[in-house]
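Trainee: Here are the chains, one letter per residue:
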Amino acid sequence: DGGITQSPKYLFRKEGQNVTLSCEQNLNHDAMYWYRQDPGQGLRLIYYSQIVNDFQKGDIAEGYSVSREKKESFPLTVTSAQKNPTAFYLCASTGQGHRKLFFGEGSRLTVL
Amino acid sequence: GQQVMQIPQYQHVQEGEDFTTYCNSSTTLSNIQWYKQRPGGHPVFLIQLVKSGEVKKQKRLTFQFGEAKKNSSLHITATQTTDVGTYFCAGPKDSNYQLIWGAGTKLIIKP
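As they're listed, the protein sequences go chains A and B.
Sequence positions in the first sequence follow the numbering used here and run 1 to 112.
Sequence positions in the second sequence follow the numbering used here and run 113 to 223.
Hints may contain errors.
Said to hold, decoys possible - Between beta-carbon pairs, the in silico distance windows are: (1) B:Y122 with A:E105: 20 to 28 Å; (2) B:A180 with A:S73: 39 to 47 Å; (3) B:R150 with A:K83: 24 to 32 Å; (4) A:D30 with B:D206: 16 to 24 Å; (5) B:I119 with A:T86: 21 to 29 Å; (6) A:T79 with B:I220: 33 to 41 Å; (7) A:Q50 with B:K222: 41 to 49 Å; (8) B:V196 with A:Q50: 33 to 41 Å; (9) B:P223 with A:Q50: 39 to 47 Å; (10) A:N26 with B:A180: 36 to 44 Å; (11) A:Q50 with B:V162: 16 to 24 Å; (12) B:P151 with A:T20: 23 to 31 Å; (13) B:V125 with A:K100: 24 to 32 Å.
Stated by the list, open to error - Negatives, chain A to chain B, calculated, CB over 12 Å: (14) K14; (15) G63; (16) E69; (17) P75; (18) T77; (19) T79; (20) S80; (21) A81.
Think of the hints as simulated: they come from the structure by calculation, not from any bench.
Here the structure is a predicted model, which is why all the values come from computation and not from measurement.
Just so you know, even glycine gets a beta-carbon here, dropped at the ideal spot from N, CA and C.
Isolated chain B (complex conformation) (with noise of 0.2 Å):
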C-alpha cells in the first residue's frame, strides 16, 4: 500500500546547527504537507507544497518539493531553542480525504 517515509527517527544537533529531515513516499503525490508537534502539543501546520520542484521558505525553515513530486524535505538553519519537536510530512492519500503520515523526526537541542 501507499507509505511515506520519514528519515532520520531523531537528530541531536548544538543549538545553533543546521537540521534537515527527508520524506518519501512510495507514490507520486498530488502535494506535501508539514506540520510540528511540540512536546506535549498536537500538530501544527506549517506550510503545503504543490509544485514540482517548489521551495518555499519560512524565515529559518525551507521546504523542498521533489521535481518526481516523491520526495520532500525540511531544513532548519541554526537551530534555536524554540524549533524542538517532531516535525511529520504527510501526503494525501488517494481519496484525498486521507493523509499518509511520515513517523515524524524529532530534534533534540543537546544541552
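Looking at chain A on its own, in the form it has when it is part of the complex (with noise of 0.2 Å):
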C-alpha cells in the first residue's frame, strides 16, 4: 500500500541530545514537509522540499535540520540546540498538480 511511512512513534531523549526523525514516502511525491504540533494547536511548519536535495525553512526551523538525498526520504533531526523540542512531529507529503496533503502517523518526542 502507498503512504508515508514515520519511525519511531515514541521517543524519549535527554536534554542536550540529538535526535532524527524518518519520514519515508512511498507515492512518488515530489513535495515534503515536517510540522510541527502541540497540545492543543494547529500545525506549524519546519522545514519543506520540493525537489531532491533542495529544502527551504519554515516558520519554525531554527533548532532544526533536514536531508533531501532521496525523493522517497526526508529525515528531521532535532538538535539539543531546540529549546523545547517535546511535541507531535508531522511528516507530509504531496504531488504535482494538487496540494492535497498526505499525512504519516506522527512521532512523538517527549525530551526528559
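The two chains are supplied separately, each in an independent frame; assemble them into the complex guided by the hints.
Mentor: Spelled out as C-alpha cells, the structure:
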C-alpha cells in the first residue's frame, strides 16, 4: 500500500541530545514537509522540500535540520539547540497538480 | 503576514446536535482545504474548495467557500461519536507550496 511511514512513533531523549526522526514515502511525491504540533495547537511548518537536494525553512526552523538525498526520504533532526522540543512531529507529502497533503502517523518526542 | 483564523476553538455538543466551524483568511485564497484529526491521530484530508461561493457535501458534512474567497465553513448535521476530533482549515501561502493552517476547532460530544 502507498503511504508515508514515520518512525519511531514514540521517542524519549535527554536534554542535550540530538535525535533524528525518519520519514519515508512511496507515493512518488515531489514535495515533503515537516510540521510540529503542540497540545491543543495547529500545525506549524518546520521545513519543506520541493525536490531532491533542495529544502527551505518554514516558520519555526531554528534548532532543526533536514536532508533530502532521495525522493522517498526526508529525515528531520531535532538538535540540542531546540529549546522546547517536546511535541508531536508530523511528516507530509504532496504530488504535482494538487496540494492535498498526505500525513504520516506522527512521531511523539518527549524530552526528559 | 498572511493569517488564517478559525473559530471556535472548542465546541461541545450533544450527540445529534449540529456543529459548525468557521475559517477566515486575511487574504484572498486560491483554494481552501479541510482536514480532520482524530484524537491521537494525524490529519486526514477531507475536501478542497476552489470556486467562489462553492458548496460541497459529503454525507452529513457541508463545506462552503465564501464569495470573496476569504472565508469558509464546515457544518456537520446531527453529529455522531465518529465525528469527534479536531477540524482544521488550511489555505495556500503565496508560494503555493506551503499551507497556512487555522488553529482548529475541537468537536467534543457531551456524554
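Trainee: Taking the hints in turn, state whether each one holds.
Mentor: Structure-based check of each hint:
1. B:Y122 with A:E105: 20 to 28 Å: For B:Y122 and A:E105 the Cβ distance comes to about 24 Å; the hint holds.
2. B:A180 with A:S73: 39 to 47 Å: holds (41 Å)
3. B:R150 with A:K83: 24 to 32 Å: Holds, at about 30 Å.
4. A:D30 with B:D206: 16 to 24 Å: holds (19 Å)
5. B:I119 with A:T86: 21 to 29 Å: Since the Cβ atoms of B:I119 and A:T86 sit about 27 Å apart, the hinted range of 21 to 29 Å holds.
6. A:T79 with B:I220: 33 to 41 Å: Taking Cβ atoms as reference, A:T79 and B:I220 lie about 36 Å apart, which means the hint holds.
7. A:Q50 with B:K222: 41 to 49 Å: holds (44 Å)
8. B:V196 with A:Q50: 33 to 41 Å: Holds - the Cβ-Cβ distance for B:V196 and A:Q50, about 35 Å, lies within 33 to 41 Å.
9. B:P223 with A:Q50: 39 to 47 Å: holds (46 Å)
10. A:N26 with B:A180: 36 to 44 Å: holds (40 Å)
11. A:Q50 with B:V162: 16 to 24 Å: holds (22 Å)
12. B:P151 with A:T20: 23 to 31 Å: Taking Cβ atoms as reference, B:P151 and A:T20 lie about 27 Å apart, which means the hint holds.
13. B:V125 with A:K100: 24 to 32 Å: Hint holds: Cβ distance 28 Å, inside 24 to 32 Å.
14. K14: holds (25 Å)
15. G63: Holds, since 19 Å exceeds 12 Å.
16. E69: Its Cβ never comes within 12 Å of chain B, the nearest being 20 Å, so this holds.
17. P75: holds (18 Å)
18. T77: Its Cβ never comes within 12 Å of chain B, the nearest being 21 Å, so this holds.
19. T79: holds (23 Å)
20. S80: The assertion about A:S80 holds, with a minimum of 27 Å to chain B.
21. A81: Non-interface label on A:A81 holds, nearest chain B Cβ at 23 Å vs cutoff 12 Å.
Going through the hint list in order, the structure satisfies each hint without exception.
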